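All chains, please: the whole structure from these sequences, using the hints.
Letter by letter, the sequence shown follows residues 1 to 538 in my numbering.
There's no promise every hint is true.
Below 25 angstroms or equal to it, Euclidean Cα-Cα: the simulated DMTMM-like pairs (lysine to aspartate or glutamate) are [unchecked claim]:
1. Lys409 x Asp345
2. Lys222 x Asp131
3. Lys103 x Glu240
4. Lys349 x Glu269
5. Lys160 x Glu117
6. Lys494 x Glu269
7. Lys364 x Asp511
8. Lys494 x Asp430
9. Lys157 x Asp131
10. Lys532 x Glu321
11. Lys494 x Asp345
Pairwise CB distance ranges, derived in the manner of DEER restraints [said to hold, decoys possible]:
12. Pro535 x Glu101: 26 to 34 angstroms
13. Leu124 x Ser97: 22 to 30 angstroms
14. Pro351 x Lys533: 23 to 31 angstroms
15. Leu189 x Gly464: 32 to 40 angstroms
No lab work stands behind these hints, which were simulated from the structure alone. For clarity, every value in this text was computed on a predicted model and none was experimentally measured. Built from N, CA and C at the ideal position, the CB exists for glycine as well.
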Amino acid sequence: MAEKNVEYPHNDNMQIVPIAMNVHVNLLPVRFNAMMSTNQSKSHYQVPIHMRLQTVFLLFSLLLCFPSPAAQFATDESATYDYASHAALVRWPLDLSKISEEKDHVALVGSTFVKDEDRERPVLISLSSLDLQQNNLLFLLKSANRGKISFFSKESKALKEATLTLHADSGPLYLSPTLDTSLNAGSRLPQGDQEYIRVTSSQIGLLAFSLPEAQRQQAISKAELLIHLTAKQFADSQLEVYQLNQVVKPAKEVRPGIAAKYPDDINIETDAQVFHAENFDKQDLLAPLMSWLGKQQSAWRNVSKYERVPHHLLNHYANTEGYAAKAHFRTNKHMALNMDYYFADNLSKEPEEVYLRYYLKLEKGADFAEGGKLPGFGGTYGRAGWGGRANDGYNGWSARGTFFNTLPKDHPHWPSSMPIGSYFYEAGQDNKYGDRVSWGHQNSVLSPGQWHCIEQRIKLNSPGQQDGIFEAWVDGVQVYQRHNLNMRFSDALKIEKVWMNFYYGGAELPDKSFNMYLDNIVIASAYIGPIKKGPKGP
1 MAEKNVEYPH
11 NDNMQIVPIA
21 MNVHVNLLPV
31 RFNAMMSTNQ
41 SKSHYQVPIH
51 MRLQTVFLLF
61 SLLLCFPSPA
71 AQFATDESAT
81 YDYASHAALV
91 RWPLDLSKIS
101 EEKDHVALVG
111 STFVKDEDRE
121 RPVLISLSSL
131 DLQQNNLLFL
141 LKSANRGKIS
151 FFSKESKALK
161 EATLTLHADS
171 GPLYLSPTLD
181 TSLNAGSRLP
191 QGDQEYIRVT
201 SSQIGLLAFS
211 LPEAQRQQAI
221 SKAELLIHLT
231 AKQFADSQLE
241 VYQLNQVVKP
251 AKEVRPGIAA
261 KYPDDINIET
271 DAQVFHAENF
281 DKQDLLAPLM
291 SWLGKQQSAW
301 RNVSKYERVP
311 HHLLNHYANT
321 EGYAAKAHFR
331 TNKHMALNMD
341 YYFADNLSKE
351 PEEVYLRYYL
361 KLEKGADFAE
371 GGKLPGFGGT
381 YGRAGWGGRA
391 NDGYNGWSAR
401 GTFFNTLPKD
411 HPHWPSSMPI
421 GSYFYEAGQD
431 NKYGDRVSWG
441 HQNSVLSPGQ
451 WHCIEQRIKL
461 NSPGQQDGIF
471 EAWVDGVQVY
481 QRHNLNMRFS
491 DALKIEKVWM
501 NFYYGGAELP
511 DKSFNMYLDN
521 IVIASAYIGP
531 IKKGPKGP
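Right under this line is the structure:
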């Protein structure tokens, strides 16, 4: 029986904030008021030379304060009420049920009263205080009362799609939507192919317009949004238009982890907080024989056969020579690679809190329709927590990672990329096959051909309490956290092992073979963090 995908609500840490330079409205022609006249806007930008020099100095200072470039928050035609991209399993960074309260994420830029006339007609909405520094303008439309309206989408045969008009000195600029859809709180499925956009107090219209670079530099005196209503309307509606500030605040540097003290992870295994480190550079040719004889020398058990690949063939991130492990997914086999680190074997005790960090690369050209398992944690004890063996709170649990199907190679934001998340066997779940959960962050959609630093933390719950903690970081950015984990009813269950598991399926097998690569595993009692690069070797 195939596993069922269930998405938990969670606290996504992605922050959407206004870009810092927009606070200087009089110096940068990127904001406007719809009431400003064209002549006023011309005189407004005749800045004296000493102020221009101050501006240059100010901008240089801002760049020093924000060394990481701001990223654009992305959405697509698969957007739903829960997901900015259902295809990539990326969640919205705001609560759509409380748009008017999301002051850090949206700004009210327009409002108009729509009388219930039940006839097709155009409605022109004046917009003010737009942020035009973004290359993709996103608008959320909702009704502030119980009124319901619908208007034609770009998929409609009526050819009456919405239009955004920006009035500049050089003349009006007419923009057609690159994306338009309804976000319905009562539906999990995307509605981007519908001919109508429906707007109520709980159903939100989403419109996106691409703004060319040249137009972002112009002074704009007025903006208007034109929509064409259908004849389907219920009650008078107070229509509100919000602009989503989609500039993602540059990620702050995470707190220094253990790895910050050990450039290129050299000697990181000597740290008092590190349980084990593995970089695949050394190969013990006698290990399989010793394991067969029952005289285990390695820290790992249940190690499947794998190939080591030199760094220089993998565009490796480290400044050292060495090897990475290849997880080869075949069309006739589910298991690509497995390694188990048992705490009782290596430490003589089992902890209740562990951090795991490893580096992962999906090869370019990988294309698969299912998904499977990635490294994580286990307390299965050979009894439960995998393969349809449900966790009853006393027999066993697991919290492996998971990967989802690759996106199409023509996806506008994440071509051929792979969303990742967690695969939980929690106590008392209805689904005996466990629950797969996407981490739901833009950073947790992994680009092929690139190395990514994956780190996970688990802290088991107090028996009988839903107070366990799970956190995940990708490339040093926290992408997921839960504080209600429920893995056990008995303290006899602890963290038995780190489970380095690369497994395809479910029941399905891949249609085509593909590879992932693994390196620089660190298991510790505290946050590890990404590798600090050392000086390049000779």
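Going down the list of hints, with the structure as the test:
For the suggested pair Lys409 and Asp345, the alpha carbons sit about 44 angstroms apart, so the restraint of at most 25 angstroms is broken. For the given pair, Lys222 sits about 13 angstroms from Asp131 by alpha-carbon distance, which is consistent with the 25 angstroms threshold. Note on Lys103 and Glu240: the hinted pairing holds, with a Cα-Cα distance of about 15 angstroms set against a maximum of 25 angstroms. Restraint check: the Cα-Cα separation between Lys349 and Glu269 comes to about 18 angstroms, which is no more than 25 angstroms; the hinted pair holds.
As the CA atoms of Lys160 and Glu117 are separated by approximately 19 angstroms, the hinted pair is consistent with the 25 angstroms bound. Distance hint between Lys494 and Glu269 is fulfilled; the C-alpha atoms sit about 23 angstroms from each other, no more than 25 angstroms. In summary, the hint linking Lys364 to Asp511 is supported, as the alpha carbons are separated by about 16 angstroms, within the 25 angstroms threshold. Between Lys494 and Asp430 the CA atoms are separated by roughly 22 angstroms; this keeps the pair inside 25 angstroms, and the hint holds.
Proximity of Lys157 to Asp131 is assessed by CA-CA distance (about 32 angstroms); at most 25 angstroms being required, the pair is judged violated. The straight-line distance between the Cα atoms of Lys532 and Glu321 is roughly 16 angstroms, inside the 25 angstroms bound, and the hint therefore holds. Restraint check for Lys494 and Asp345: the C-alpha separation of about 14 angstroms stays at or below 25 angstroms, so the hint holds. Under the hint 26 to 34 angstroms, the C-beta atoms of Pro535 and Glu101, about 50 angstroms apart, miss the expected range.
Between Leu124 and Ser97 the beta carbons are some 28 angstroms apart, a value that agrees with the proposed interval 22 to 30 angstroms. Pro351 and Lys533 have their C-beta atoms about 30 angstroms apart, which keeps the hinted 23 to 31 angstroms range intact. About 37 angstroms separates the C-beta atoms of Leu189 and Gly464, a value consistent with the hinted range of 32 to 40 angstroms.
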